[in-house]
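Using the sequences plus the hints, can you model the full thing?
Number of protein chains: 2
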Amino acid sequence: MTGVQPTASAIARLIPVSTGNVGLDGGFWGERLRVNRERSLGHGFAQLERAGTLQNFRLAAGLEGTYRALGADVIGTVFPFLDTDVYKWLEAVAWELGRAPDPALASKAHEAIELVAGAQRPDGYLNTYVQVIGGGRAYRDLAWGHELYCFGHLIQAAIAWHRALGDDRLLAIATRAVDSIGQATGPAGVALDGHPEIEMALVELYRTTGDRRHLELATRMIEARGHGAIGEGRFGSAYWQDHLPVRDASTVAGHAVRQLYLDCGAVDVATETGDVTLLEAVRRRWHDMIATRTYLTGGLGSRHRDESFGDPYELPPDGAYAETCAAIASVMLAWRLLLATGDPDCADAIERAMYNGVLVGSSLDGTRYFYVNTLQRRTQRVAARPGDGERVSWMPCACCPPNLMRFLSSWPQHLATTDATGIQIQQYATAELRAEVAGAPVLLKVETDYPWQGSVALTVLESSDRPWTLSLRVPAWCRSAKLRDGGTDRPSASTGERTISETRTWRAGDSIVLELDMPARVTEPDPRVDAVRGCVALERGPLVYCVETADLPSGTELEQVELATGVQPTPVARPDIAEGLVGLSVPVVDGAPPSIGAIPYFAWANRSVEAMRVWIPRRTARNAQGTNRDEG
Amino acid sequence: MTGVQPTASAIARLIPVSTGNVGLDGGFWGERLRVNRERSLGHGFAQLERAGTLQNFRLAAGLEGTYRALGADVIGTVFPFLDTDVYKWLEAVAWELGRAPDPALASKAHEAIELVAGAQRPDGYLNTYVQVIGGGRAYRDLAWGHELYCFGHLIQAAIAWHRALGDDRLLAIATRAVDSIGQATGPAGVALDGHPEIEMALVELYRTTGDRRHLELATRMIEARGHGAIGEGRFGSAYWQDHLPVRDASTVAGHAVRQLYLDCGAVDVATETGDVTLLEAVRRRWHDMIATRTYLTGGLGSRHRDESFGDPYELPPDGAYAETCAAIASVMLAWRLLLATGDPDCADAIERAMYNGVLVGSSLDGTRYFYVNTLQRRTQRVAARPGDGERVSWMPCACCPPNLMRFLSSWPQHLATTDATGIQIQQYATAELRAEVAGAPVLLKVETDYPWQGSVALTVLESSDRPWTLSLRVPAWCRSAKLRDGGTDRPSASTGERTISETRTWRAGDSIVLELDMPARVTEPDPRVDAVRGCVALERGPLVYCVETADLPSGTELEQVELATGVQPTPVARPDIAEGLVGLSVPVVDGAPPSIGAIPYFAWANRSVEAMRVWIPRRTARNAQGTNRDEG
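Quick note, the sequences are listed as chains A and B, same order.
Just so we're on the same page, the working numbering is the position in the first sequence counted from 1, plus 1.
Just so we're on the same page, the working numbering is the position in the second sequence counted from 1, plus 1.
By construction, these hints were calculated from the structure, which means they are not laboratory data.
Quick reminder that beta carbons are idealized off the backbone N, C-alpha and C, glycines included.
Mixed in with the good hints, there may be bad ones.
Partial pick of chain A residues on the chain B-facing surface, computed with a CB cut under 7 Å [said to hold, decoys possible]:
1) S251
2) A254
3) R379
4) V530
5) A532
Structure below.
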């Protein structure tokens, strides 16, 4: 089973290949998942204990002590949503234990579940902040209190434990907690949390339990939002998407993670209730977001002050907020839209966000994190802007690290989908995929060195005697793709064909190879992006590249680097960064040394870090001649 | 007398021509000061009453009632520094009444002074926030409480009343308040406010009263800062300039207004104590700030989140914070440095900041204000960023409007200086200047249509029979300046001569005319400013221009406008914006219609406002041909 599992009556076009049916343990993603499982999860548990987050559940259960929150003494505030760090960590563990047992990890998770169970009040309510230092008064501040947001993450963890392991301890806790929401909803039967999240969780709870009350509550929450009921707050009602009804707003607005989680819930509600106009509203908003407010890295959120989307094309690289959680949320939304609509743009967006905006959130060793993901860090700085400098092992607001853990552990769920006609490979990774196609089991082996190379070998290990279609996504960045089938090549039209499909009666042992041409690319920005005018970025395959000071000729500041027109970067092995990693070598002046090195954006800040930039200025005649402030 | 009045023993190079000796009632500045006096001051008093700020003094004096703060219900916080709004307004009134009587204004001021007097505690302490809703416990939170900051503004108002009017009611209150600081300083004899301001006020109090304890306290505050005593707070110790000693920090950092006010105090301390290394530290920092962190408009502060300076060359036009108070503070600092060092760059910086970054803070009618001064507002927006949209009549944090009022009312003090050899005209405005030169009185009449025209006529009305030097600043933007003396022209070298001086025995009736060539200029940005690469700005004289949607051909969005290389803007009268105002007409494509209109940046947002931008993209071959995201 997977984290997003539309019911049979939903209006979804595609069905996910569930996690239990995806064997992923080699290649690029095998290594990322191994690090997440073997390093990050243990690190995370230790941090949850160190930060006091687990201890706070003990206090809620009655233990004497002081509520703790990392950095509260420095920042002068205690965030009310720290419980979710535990829930997200638990969700990650569920998916991982579902993939393979690990007694030590299971033991830690058992301890955490016991703590959660012990903290729940007899009336079902559960929030350590409210119970320990909030005077026990539930639902007093729905706008800022994050109580329902916390329940959402609890529900998602509970569903993962149910689906991956058949362990319903958290599900019992979560359903009792949801029942307690009646205290908040009052006679109107609806309550709006300032931070959406519970909506998608409630729909998934309905999908899990069959209890339609959960779907109905989620539907009411989606419908009630956007009428100004939450108030203006510090940042205006758009901050929490309460400025326009969810089915009316034509663009994303406000706090990026809130908008994206809300739209996840809206898609889930629309899918289950058959509400095509609601679905269309989200789809339209998503396309606008991709076109006007998405960083090249798939990052989202242009403003630090309120963690918000900016105006169209307001995408400053140095000022990027691009919270790791926002990139994760964007993949969650694109995945839901892909299932609902089959739109191949969604799979492309997932790829761009995963390889760049999501992965950058963790160090290669899985134990240090970014919250903010800048696209430019300067050589000369006075005071670090939080998150644009060094990765840290944990944060006072630690939403991102465990979100990354749970998301990576669920990543195998996003590789492939099925429909009545066959299997669609949405993301390329070395894996074994087991699916049911037209009622018959299929087992497919995928082998690839993606994203370093564009060759993907697919071998059918099991199939029935019925014909079905194997569909392979051709990423939008790929100008030339072909299918090798034994001795024959089948070229794909290079005019933007989005899928290569092969329909036949597949036999065990049948093998085809997809060849995606993957030259390094020099990418011009949309001219409406003011902040990177006159610059270019380097890309190869799904990867966005960046330049770090460490890869410049000695004594060169990154701000001095300009690229001549017509330079062609060439791939080079960079084992110094990571095994198998492919960097780029870029001549600074056309044809002549010296050259500079570029590495994948996700891999930056894994060495002693000085400056970094994704967008690099073009050399112009004016710049080459020196400059003059006044030409008049 | 003026607001900054170094003592005879100070190491100042120049002496200000005091406000009582500057008659300014015509021309550009005459109109700005008239609006400030006749519109803003009355508006401000009404707003102080409406917002509860005056009423809070009544509460502190014992009246029953609820402490009020504009917008506190929406933003969820009450700022502890609202008293300063009254003090700044009172300072403005003092300078204005010193220029000419106004019984109605005097009556309002009398009422305000009575309220301040009534609120002061018997022990001298005075802070309505602490007294009414802070439990009366003084100096409990020096980092965030702004208590000494409030005293600083009280002192400055008191000095203005003393110097401009000989009215010492506020001075008595202020000195008693300062005496109460002993409760905060403890045995160490020093207390550090998170928001510097009191340092310069204490030096001025010493200059006024001769009491060296005030200078010594200010000196201790300057020396104690920068050793981490205030703590990290939410934004790190650089936020309040506590990261490096004031005499060591090589660059500005943190909250822009705090840094600038601190450096004002440091210059004042250095000047009075003869501390040349401290003075040199501020001067070095100031030059670096002008070179690397100052907007074309003289605005300062690149980041919204902590109202801070950015890294070098981090100057996003759309993300500009550029608080009106920061521009004012920069003029206050440059003025102090000009007096201390005579550095002509300081007078240039004052001019740039005043005509652009300061004036933009108020509507032309003087009753609506910007706090944040963006350099770009887009056509398409979802949610307004506070301050980048419409001017407002008052703000929850209303530091800027009364700061603008007091600063405009003190502006005549900044026009000219004297030294042992003569008079230096620092800023050009229609005015009569009375000064003492080498012990003898001089009266000088200045007539000009500056900044609209570059001609400045100077006539000596009174002088002695001793020779003295009349020095005229040649702004750095001016490529050609000449002095007309009767029938003869004396050209200035065009190679960056900063001053034209004329030494003679001046006779009553002597007249000379300075001619500053003032063509429209197309200004290239420093290539290190990433955010405006590929753009140019339009300037003329001291004015930065901008383009608003209202001056585009119908149906054109501002984001579509690009300027061809080689276009030459031409001045055009724009009586529709303001009487006498000179705009620019700019051909979009070289030589051909249509053209677009540009208006002075300070005058934007005085019509129905859609989009605005200062930096306009250059038309490039690539842009002209249409675009392609991927050139590879």
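Hint check results:
| no. | hint | result |
| --- | --- | --- |
| 1 | S251 | 9 Å, violated |
| 2 | A254 | 4 Å, holds |
| 3 | R379 | 4 Å, holds |
| 4 | V530 | 10 Å, violated |
| 5 | A532 | 5 Å, holds |
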